[in-house]
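Fit chain B to the known structure of chain A by using the hints.
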Amino acid sequence: MSAHPSRAASDAPVLSVRDLRIEFPLGVVVDGSSFDIARGQTMGLVGESGSGKSMTSLAIMGLLPKEATTTGSARFHGNELLHRSDASMRRTRGDQIAMIFQDPLSSLNPYYTVGFQIAEAYRAHKGGTKAAAMRKAAEAMDRVRIPDAAGRVGHYPHQFSGGMRQRVMIAMALVCEPDLIIADEPTTALDVTVQAQILDLLAEVQEMTQAAMLFITHDLAVVSQISDHVTVMRFGRTVEQGTAEQIFSSPRKDYTRALLAATPRLDDVVDLPEPILTKGGE
Amino acid sequence: MSDIATPLLAAKDLSKEFRTGRRETFTAVEGVSFDVHRRQTLGIVGESGSGKSTTARMIARLIDPTSGSVEFQGEEITQHSGASLRDFRSGVQMVFQDPYSSLNPRHTVEEVVSAPLRYQKRTAAGGCRSMVKAAMERVGLNPDHSTRYPRQFSGGQAQRIGIARALIVEPKLVICDEAVSALDVSVQAQVLELLVDLQRERDISYIFIAHDLAVVRQIAHKVAVMQKGRIVEQGPRDEIFDDPQHEYTKALLASVPSIDPRWDAGRRS
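Protein chains in written order, with the working numbering: chain A, 1 to 282; chain B, 283 to 551.
Hints in this document: simulated from the structure, not taken from any laboratory. Where hints are given, some of them may not hold.
[What the hints assert, rightly or not] The calculated BS3-like cross-link candidates involving lysine-lysine, where the alpha carbons are at most 25 Å apart (straight line), are:
id, chain 1, residue 1, chain 2, residue 2
1, A, Lys279, B, Lys504
2, A, Lys279, B, Lys454
3, B, Lys294, A, Lys279
[Said to hold, decoys possible] Now the stretches of chain B that chain A is said to cover, found in silico as 3 or more residues with beta-carbon under 8 Å:
id, region
4, 317-325
5, 537-543
[What the hints assert, rightly or not] Reference excerpt, derived from the structure (chain A facing chain B, CB under 7 Å, subset only):
id, residue
6, Ser49
7, Ala261
8, Leu277
9, Thr278
As the structure is a prediction and not an experimental result, all values here were calculated from the model. C-beta: ideal position from N, C-alpha, C; glycine also.
Same shape as in the complex, but just chain A (with noise of 0.2 Å):
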């Protein structure tokens, strides 16, 4: 019954990348980052413009463009991912290990119908009729609570709020019940109240599927939220890790530091000037 026999195995990490080094024409983007991510865990990736935190998640998806170099190892259930054909890593891809961008509107072809193209990734990995497929399309749209999912599986990308979008690419990611999920900055476009929304459900999936998440981010309140453990990435390097309570309560490193100092927080209180309320008044 399992497709997935290292399963049982749960102590050894879905995902673990050793050494992983990045390098284009122009220079190193990502110089030595190595972490593990065991079942059920959420592995924090966190830095600002440039840290090399996205390009450590397209390495492991082999998406990569072709001119860069990259050394080192990352490995799922213990196989290698790193250099592996492109027609190999697309079987893995979609169907073991999903992913979920920031831009659900550009992530979505707008000329098929969502239900059509979560059936398209299902059958594509799993095979089957299409009207099964269908049918898996409406029940994952219902497991990320779309409501009146059998009704929208018809419905085109357009037809939907950015919140909703976001709910189908993760129905989309679910629905060949992957073991690892990889989210870049999944929230980051989306209005707060919808990014709570967002947020709560990926921790309830994960929950139900015990998948391993990287969940990339530039917001480390976010980070706070979802993560087991935090990895603090700057200029390519890893500056800092730990789990998640050390990370935020007792931070080794200067930089992670002062990004959590700079992290506006609502309930500080600030010194402002006064306002000049009355005539000719200070």
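Coordinates of chain B only, in the frame set by chain A:
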């Protein structure tokens, strides 16, 4: 105590409808009123489509309101044109979200920063360059870089160019439309600090539009919360953040992700 001053800017019952078809209109902003005093910052928060940017554009006279009025220093400006509009615009400047797309990539920093002076026809011979250099220096840019192009600067530096451009005509009001949203947090903190320093120094007022409530708390004296084109609640910063009355404000505040307070070591004390 002397008398209450006339607000620097007062928006009264502003509305904006856009035509979406032959007989259809979409109301982007409806019945919005607020005022801003000197050296005061009004934060306008809301989610996408709430009408906050449309409001900003009406205040800056980039678009005309369908109804309502805007008074600047006690004077109605919605009908201004020509020289009087130009005068108004020397008093009100804007800073936008994306410095790269709001700064002409083919113009040097000097040309970009001095553009409002040229529009104002205030190009006193020889004075322009020294004003540009002074403005660059004030926002923390190296004045020797005035012959470079916007793309040669980082996002935070490019946003400083946008601020220098706004400052050069010594405006009384600067409208910041998501001015720090695209910046990394460490850069964002520096730009916010610069804006507050400039306010202290020059008595500037800001209308600070942002979707990020935590950022608004760092800079605004008072806050207006917009939803679907209307202001659902407005008041002094601490009242809005600590004791929100409207359901939507409560929902917005509850949705803001925060660093788990048990762990939060980076909190300023």
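### Query
Which of the listed hints are broken here?
none
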